[in-house]
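Build the full structure now, drawing on both the sequences and the hints.
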Amino acid sequence: MYAINWDVWLPLCILASSLLPGLLIFFLPEERVVMRTLLNLGGASLKLVLVGILIWGVFNGHHYEFRFSLLPGLDLVLRADALSLLFVALSAVLWLITTVYAIGYLEGSPHRSRFFGFFSLCVTATVGVALAGNLMTFLLFFEMLTLVTYPLIVHRGTQEARRAGRIYLAYTVAGGTSLLVGTVWLYGLAGSLEFTSQGFVADLVTGHRVELVIIFVLLIAGVGVKAALLPLHGWLPQAMVAAAPVSALLHAVAVVKAGAFGIVRVVYDVYGIDFAVSLGVALPLAILAAVTILYGSVRALFQDDLKRRLAFSTVSQVSYIVLGTAIVGPVAAVGGLVHLVHQGVMKITLFFCAGNLAETLGVHKISEMDGVGRRMPWTMAAFTIGAFGMIGAPPMAGFISKWYLGLGALEAGQGWVVPVLVGSSLLNAAYFLPVLYRAWFKVPAASWPAERSFGRVETSLALLLPPLITAFLSLLLGLLASAPFSPLQWVRFIITLEYVP
Amino acid sequence: MNSALTLPSLLLIPVLPLLLAIALMLPPLRRFALWFAPWAALPALVVSLLMVPGVSVELPWLLFGSYLGFDETAGVFLFFTALLWLVAGVYSTGYFSESCSRAWFLSWFLLAMAGNLGLIVAQDMVLFYTFFTLMSFASYGLVIFQRTPEALRAGRIYIILAVLGEVMLFAALVLAARAAGSIEFVAVQSALAEAALRDWIIGLMLLGFGIKAGVIGLHVWLPLAHPVAPTPASAVLSGAMISAGLLGWLRVLPLGELALPGWGGVVLAAGLLAIFYAAFVGLLQRDAKTVLAYSSISTMGVMTAALGLGFIAPENWPLILAAILVYALQHGLAKAALFLGVDMVTAAPVSKWQRYLLIAGLLLPALSLAGAPMTSGMIAKYLLHVQAASVASFWAGWLQVLLPWSSVATCLLMARFLYLVWPRQRAGSVVVVKTRMMWLSWTVLFMVVVLSPGFLPFSAAEGLWLPEKLAGALWPVVFAGGLAAVIYWLAKHGKWPFHFRIASGDILLPVERVLWPVLHAMMLRSYRTLFKRRFLLSIYRRVGQCYSGLVFLLEAGENGFRRWAVGASLFLVLVMIFMFLAWQIIF
Amino acid sequence: METLTLLSWAFDVTLGLTLMWLAWRALASEDLFKGIVLFIAFGLLMALAWVRLDAPDIALAEAAIGAGLTGALLLGALAKLEAGAESRSRRSEILPRPADKTKVFSGLLVFLLLALVVMLVYAIVKLPPLASGLSAQVAENITASGVSNPVTATLLNFRAYDTLLEMAVLLLAVLGIRSLAVVQEPRGREPGAVLDMLSHLLVPLLILVSGYLLWVGSYAAGGAFQAGAVLAATGVLLLLTGWLPGAWFVGWPLRFLLIFGLAVFVAVTLVLQLFGASFLEFPPSLAGSLILLIEVAAALSIGVTLTALFLGGRPQPEPPSSGRAEKRNTSGTQPS
Amino acid sequence: MSSDLFYALTGASLFTLGLYALIKHAHILRKILAINVMGSGVFLLLVALAAGGQQAFDPVPHAMVITGIVVAISATALALALMLRLREASGLAVLPDTSPEELSEQLPEAPSDVASKNNGKNA
Amino acid sequence: MLAQSFSWQVTVIILPLVAALLCFMLPKWGRWLGLVMAFAITGSVIVLAYQVMNQGALRYAVGGWGAPLGIDLYVDGLSLLMLMVVALVGLVVSVYSMAYFKAGKAVHFWPLWMLLWTAMNALFLSADIFNLYVTLELLGLAAVALVALAGGVDALGAAMRYLLVSLLGSLCYLLGVALLYHSFGTVDIALLAERVESTPAVWAAMALMTVGLLFKTALFPLHFWLPPAHASAPAPVSALLSALVVKASFYILLRLWLEVFSQDSTAAAQLLGVLGAAAVLWGGVQALRQTRLKMLIAYSTVSQIGYLFLVFPLASLMAWQAGLYLLLSHALAKAAMFLAAGNILCFGGHDRIADLDRVAQRLPLSLTAFALAGVSSMGLPFSGGFIGKWMLLDAALQSGQWWWVAVIIVGGLLAAAYIFNVIGHSFTRAEISHEAKPVPAIMEWSALVLALAAVLMGLFASWPLAVMDIGAPFGGGGS
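One line per chain: the protein sequences are A, B, C, D and E, in this order.
One point on numbering: in this note's numbering, the residue at position 215 of the first sequence is 215, and numbering is uninterrupted.
One point on numbering: in this note's numbering, the residue at position 300 of the second sequence is 300, and numbering is uninterrupted.
One point on numbering: in this note's numbering, the residue at position 201 of the third sequence is 201, and numbering is uninterrupted.
One point on numbering: in this note's numbering, the residue at position 104 of the fourth sequence is 104, and numbering is uninterrupted.
One point on numbering: in this note's numbering, the residue at position 213 of the fifth sequence is 213, and numbering is uninterrupted.
Hints were generated in silico from the structure; no laboratory data involved.
Be a bit skeptical, because a hint or two may be false.
Stated by the list, open to error - Some chain B residues close to chain A (C-beta under 8 Å, calculated; not the full set):
(1) Leu63
(2) Val126
(3) Ile157
(4) Leu161
(5) Ala177
(6) Trp398
(7) Val401
Using N, Cα and C, we set each Cβ at its ideal position, and we do this for glycine too.
As structure tokens, then:
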């Protein structure tokens with residue numbers, strides 16, 4: 001007689017809680033809306049509960065690890081460490097919200113079973129990325145993420161969608177390859193790929209400095225594609241043709257996050273921050289991130305398509321995470337990591353709102369947004385909160401990250417980061433405030449491009465509630481940043497682990 | 001006040017307007033909220049009057065752990081700020097006849113109010129900054145409320161500068177927090193003295209808050225924004241919110257901690273420049289509210305100069321601070337009274353006693369601003385003058401000399417204002433229906449202005465009402481009045497030789513002229529067309545040519561392989577190559 | 001003795017050179033028919049060479065199969081080619097003879113082939129002078145094999161597994177050809193009198209020869225393949241004289257005959273396995289008779305199979321099924 | 001050089017000769033002939049080398065060659081059937097390695113081939 | 001006695017042979033007989049696997065004669081895995097063919113297919129190079145006959161060319177056998193491995209046999225026959241050919257190189273690697289250019305075969321394992337792809353990639369199968385292809401021959417490009433297709449099962465890798 005050891009199986013259950021519904025959904029006929037919705041929401045809720053249990057367990061000293069041998073000496077490891085919990089929790093929460101939104105958004109559109117199937121798989125892969133306990137596992141789920149996101153991007157099947165999908169693939173598959181080569185190479189040198197909180201490379205490899213630098217570049221290039229680091233960001237603005245829930249997934253929950261998370265993993269748990277510094281790779285990474293931040297913002301300025309503007313904004317914002325990671329110092333790291341959560345919540349709000357505009361009014365371009373705040377005040381209120389968060393205005397969540405980044409940069413003696421942050425905030429304001437201005441203060445046009453009526457409410461509730469919730473969250477995350485169980489507190493805890501041996 | 005009530009009452013100050021603002025946005029609650037909205041500042045006023053200074057409360061869950069507190073500075077600021085907001089709020093009920101636009105206006109109004117009141121009781125940088133930001137952005141709604149082209153332009157300029165100020169402040173605050181290792185004002189002020197990047201921090205602070213405070217060079221939004229806002233908004237903008245920047249300086253800058261003559265000189269000089277430059281430009285304006293706005297800049301120049309004095313003479317700081325506080329108070333009240341009065345003049349038919357009241361109501365605050373005898377303005381100027389005299393420094397000397405002349409300048413401005421505002425014809429531009437509340441609020445404010453010298457609790461003021469001191473305060477007013485009369489007479493008879501004018505916004509205009517076209521060009525000829533046209537296209541073509549060549553190669557190659565003779569020959573070739581490779585080993 | 005050696009050496013050289021010349025002519029001849037005839041001659045001379053190499057078994061096989069039946073197959077195919085050519089445009093029969101005209105290409109090819117020959121020759125010459133081979137082992141075990149002809153012993157005992165698979169290959173060829181469903185040309189002409197007479201004389205004789213070869217195979221040159229080939233020759237002769245298998249025959253009886261040899265082979269070995277022998281192990285006591293049994297079956301099957309190869313395709317036009325209709329359509333032409 | 005060795009070399013030559021024809025000639029029937037010639041060459045080589053030295057008569061290669069011959073005729077038969085089927089389908093007994101245009105350009109060049117074939121048939 | 005003389009190895013060979021005879025004899029029952037026998041063969045392969053895993057590598061003397069005189073059957077991890085993948089693919093293809101072939105062609109398909117299976121099982125079990133020649137011929141002729149089963153001009157031409165290639169390759173191989181036999185007096189691989197030395201004859205044999213087998217394996221630049229043959233054959237046949245048949249000749253090559261030609265052949269090994277690299281790239285680029293789905297898949301095979309040859313210059317244990325792993329997962333994936341393509345072809349009547357949108361949306365299972373198999377081909381997780389690629393990369397990096405890494409990478413990217421080129425078309429907005437034939441569910445599921453198997457290869461790699469080590473087939477190859 002032996003009881004099931006939940007310490008082993010819980011991570012797998014978390015994975016399965018979206019994998020199985022996803023697979024089941026594939027086989028559902030298109031008309032079985034209720035069943036599909038039940039599966040979707042059931043899976044999402046279950047995952048949330050399981051993640052809750054996981055967090056509770058970790059607090060109570062449980063060590064969750066699932067291990068499965070893939071190759072001799074290489075295991076598929078799902079482990080719940082502090083860092084992964086952060087990402088898992090983020091994905092779980094946002095997934096539930098996004099699911100609600102997606103159900104509302106895609107109401108009545110074709111191929112929903114396919115969509116939601118991949119949707120669930122996408123989250124599965126993300127959770128896998130989050131829980132990966134070694135680089136190999138990370139790579140596996142990372143690549144899986146690439147694959148299952150593709151159908152979502154091309155879901156609409158239009159010419160642009162397919163083009164976007166192609167570009168997305170071109171970038172991500174190439175990136176995945178780079179990651180693969182880096183991983184294999186590293187494995188050859190180190191003989192292990194287990195994430196350890198101070199990095200394992202320094203302990204296991206002696207010499208080979210040049211190789212290690214090359215591997216670092218390969219790994220960062222690999223994950224950097226998804227994180228949309230500067231020369232590798234091209235897919236992200238293209239991918240905005242996808243439906244709003246997909247954009248939300250791409251930009252907030254899954255893809256971009258996975259990339260940023262990967263960079264964190266590589267820098268902290270593979271190389272170890274000290275070793276990365278001694279290799280001289282941290283500073284270039286930070287500079288790259290800084291350049292990306294500014295570049296993304298500048299490009300965003302020139303976009304008339306709302307989602308495209310948001311996409312470039314993501315390019316810029318995600319690099320905050322990278323920047324925080326690459327600046328050597330615990331405080332900056334807190335800023336970077338907490339931005340992982342904050343950016344997710346804020347950007348998902350923005351994309352939800354953009355989706356609402358498109359879905360309800362047919363508004364896609366910023367130039368069509370005149371006076372949209374009067375027609376859809378709730379949506380635009382959420383959008384406003386998100387936008388201010390992006391600008392980094394207090395007390396939104398974005399401010400918290402920015403504050404810590406600035407503080408951390410100074411702590412690490414890298415004052416040049418502050419102007420970057422300032423410049424980015426300025427640019428953010430420059431491309432968000434005009435949008436808000438149009439929406440709130442301009443006189444609406446006589447008619448909207450494609451208006452749909454939803455009765456008393458401005459749009460359907462399933463579309464309206466998610467952005468409101470996330471907007472509220474992004475306010476709350478900033479306002480109550482110091483409250484116990486806030487992401488900030490959690491990230492501080494993580495960083496203590498990474499920095500204190 | 002009971003200490004158990006400290007936290008709730010302090011919290012209530014910003015939260016009440018916030019809640020009301022939210023309630024206003026929710027249609028079901030709107031009617032209800034409209035009733036209470038004008039009175040949202042009342043708790044703050046009560047607190048400012050009743051609470052004993054020197055309390056502080058920590059809110060560990062808020063942001064990075066925040067502090068709310070109430071000290072003397074906060075007391076003064078809270079008093080006049082709350083009063084102004086209250087008055088303006090009540091005034092607005094009469095000003096806006098339509099409930100819809102009133103609700104719309106009040107939403108912004110309350111948000112800005114929450115920011116402004118909140119930042120006064122905030123005791124750490126982050127919370128302060130949060131409220132400051134709230135105020136800044138909410139003010140935008142007030143500025144562009146009228147939606148006229150001027151309002152929109154003013155709003156644009158305002159928001160650009162506000163955002164600039166925000167980010168500069170962000171940088172400054174981060175630097176300060178890093179230097180201090182804390183975000184509490186107390187800690188920061190003392191830590192800043194030794195901070196490595198002290199000059200950066202101070203510079204950024206001065207600029208960041210300076211935008212709000214209308215420091216010369218960054219003042220350009222003020223004369224644009226204040227006139228176009230609805231009158232109650234102008235009143236709080238010019239009276240209360242402008243002081244928020246000042247409060248920021250007072251809270252964060254290491255004043256009284258160490259002597260920074262360099263900064264002191266710069267700030268003092270800027271202040272002096274602002275006083276006279278703004279007065280000069282203001283005199284050339286043709287809109288009453290614009291003149292008032294320039295007057296604000298000018299007055300803020302005085303306070304800036306005082307700040308500079310504080311840099312130069314840290315040992316005198318407590319007294320300088322007192323002077324600044326008095327100055328801020330009297331300026332806020334008087335300026336608000338003037339702004340509100342502008343509309344009273346143009347408002348609906350007035351009775352006779354109302355007319356007298358109106359004359360008094362405009363004249364007295366104007367005199368107060370100018371520092372005429374028996375006004376709080378005089379007290380403020382006097383306090384400052386004493387401090388300027390006690391500091392031995394090049395710039396302080398200038399301040400001492402020029403301070404009375406600032407009164408002259410203000411006085412001239414006021415004369416210009418009165419000239420412009422004086423009702424010449426009956427065509428009221430604003431049709432006001434419910435004037436009762438307007439009269440009520442304005443009267444209350446006017447009374448406070450008049451009575452303020454009485455309750456200012458400054459010991460130094462005791463010897464103030466001596467004749468020589470009164471005379472010292474009087475001459476600038478008389479001089480300016482005479483000058484104004486002369487100019488008026490000359491102008492009336494067409495003998496005034498100077499006819500040029502400077503549009504409001506002064507130095508902004510050339511900047512705009514350069515900036516907008518550039519921005520427009522960038523926006524229109526966007527990135528894509530700019531770069532892709534020639535360079536990328538040519539590359540693309542070249543790649544295309546290579547590509548088609550490659551395709552041909554591939555096709556021809558594969559077709560070649562398909563031909564049996566070629567394929568089988570390749571087989572033979574491979575056999576031979578393998579054999580050859582083997583033979584190399586043999587021989 | 002020396003003269004004899006010299007003579008035989010001269011004979012061998014002449015034979016070899018003739019073989020090469022014949023092969024060359026057969027392949028290079030402009031006329032396909034001539035080429036095939038030369039190829040048959042080449043096969044016959046090959047048989048002679050086998051005899052010179054002390055390989056009478058191969059010689060028999062070569063003569064019967066390599067030269068005889070292959071020749072018949074080739075000629076039959078050529079006839080069908082031309083029959084087809086008559087029914088359609090002549091031009092379609094015309095062939096671009098040299099696949100590539102470029103001299104450079106040919107030159108290169110020749111050069112490469114010459115190099116190949118040189119290398120092969122070098123390799124052969126450098127082979128160890130005394131290639132022991134397996135003759136000793138064969139001699140050792142010949143008694144246990146049940147037959148005295150070492151070649152038969154090797155074929156049907158030592159390496160019986162090869163033979164089993166080889167019969168599968170043969171079956172496969174028939175299967176393949178049947179699946180291709182080459183439509184029978186209607187045989188319009190009567191056999192000439194000579195051929196008819198010949199067949200009457202030859203058929204019993206050939207069957208007799210076949211039986212003899214089968215029998216003799218256990219101790220001298222001969223065996224199942226040779227016997228089968230002779231049987232097949234009989235069949236081909238019959239076919240040439242216009243005999244066509246009856247309708248009753250072309251169904252399962254024919255199929256049964258085709259697989260008969262293989263089936264017996266498998267059955268024997270399976271039965272033996274039941275009695276504890278390993279796969280394809282013949283108990284020495286029974287080996288002779290078992291091998292004979294297998295050979296008989298195999299010879300019969302081989303004969304039928306080779307005849308079927310000559311016949312080509314399914315002998316009986318099946319009732320038009322959907323599959324066939326499809327096939328016709330894809331080919332686009334209806335044979336007359 | 002013993003005659004066995006000579007036969008072996010003959011085998012190698014036949015192999016090469018067949019290979020040449022296999023590569024060069026377009027008609028499938030010729031290719032089939034070439035394959036057979038090559039096969040004969042290999043068989044010759046296999047047996048001739050085994051006969052090296054009069055004392056040892058190695059039956060194993062003999063068996064192999066017999067097997068090989070049977071395999072060869074099987075392959076030949078299948079190839080011929082396939083060729084006929086291909087001819088029936090495409091009208092040409094050549095490999096589809098050249099484009100139709102190319103082929104039709106080459107067609108008028110060989111009327112002599114037809115003539116000689118007709119002669120052969122009559123004979 | 002029975003226990004010793006009876007061997008499942010024999011069963012594995014005899015069963016399909018008997019099946020072929022039965023199917024031929026009883027054409028009306030052919031389909032069901034074939035299916036039952038397919039299950040039986042698979043079952044016996046499983047039993048054999050069980051036996052081998054318990055007892056290690058097995059050698060079986062056919063006829064009780066033993067190596068130099070008789071023929072040995074030998075099964076170790078390498079051959080066992082080949083047998084198993086043949087069984088798995090074979091079983092699924094059999095099930096698929098039940099629905100695919102209608103009465104007319106089924107009569108021919110089943111005996112031919114069973115003979116093909118016989119040939120493959122015999123080939124993988126044989127330890128005798130001449131016996132291998134016979135199995136190779138059996139295999140080649142069966143494959144050609146199966147290709148010709150499709151009946152069109154393309155198929156016939158392709159089959160003809162395939163036959164010639166097959167025969168030429170076999171003859172070269174046989175010439176090599178002759179040279180080896182006369183050098184060392186044996187045709188048993190194990191004995192040859194003991195006796196082999198460096199002589200001109202061995203090197204000539206090496207060249208002839210290697211290139212002969214390369215021809216059959218369709219390594220660039222000798223790949224030209226493969227795409228037409230594999231593309232024009234009926235779908236199940238394409239699956240068998242691409243998944244298994246080309247692997248058979250590769251298997252012989254691998255065995256020879258591991259055992260017989262293992263010494264001093266670095267230059268030749270490098271050449272094989274170079275050719276493999278060229279194949280990877282050329283095949284990938286050509287696949288990218290194709291407009292027809294089955295052609296694309298066939299060129300993908302050309303490309304994937306190239307990977308197998310990259311292991312020769314690396315020649316480490318890890319590399320051999322990687323190669324074998326790639327081989328196995330490619331077999332599964334490619335079979336799945338061809339079956340899926342067959343479904344699409346069957347459904348819409350064409351396989352033009354540009355017009356797939358009309359078809360692919362209606363066949364989600366087939367498309368899924370194609371996509372999953374594609375994932376394996378690209379070497380993305382989770383799939384057997386990924387594991388194989390991982391190990392190959394590892395081996396390449398460890399040997400310091402990093403340039404192969406570049407080839408592997410580019411190959412993977414090309415694969416991604418051409419796979420997603422197809423998948424992308426399936427996401428276009430659906431239009432009602434004018435005529436569509438329903439595809440039996442069993443056909444769709446068959447493709448999916450194989451694709452899933454390829455995916456599972458990526459999750460359960462330890463077991464195949466453990467099986468690979470039975471009998472240490474690569475022990476001699478490690479340098």
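Hints versus structure:
no.: 1; hint: Leu63; verdict: holds, 5 Å
no.: 2; hint: Val126; verdict: holds, 7 Å
no.: 3; hint: Ile157; verdict: violated, 13 Å
no.: 4; hint: Leu161; verdict: violated, 11 Å
no.: 5; hint: Ala177; verdict: holds, 6 Å
no.: 6; hint: Trp398; verdict: violated, 34 Å
no.: 7; hint: Val401; verdict: violated, 39 Å
In summary, the numbered hints that this structure violates are 3, 4, 6 and 7.
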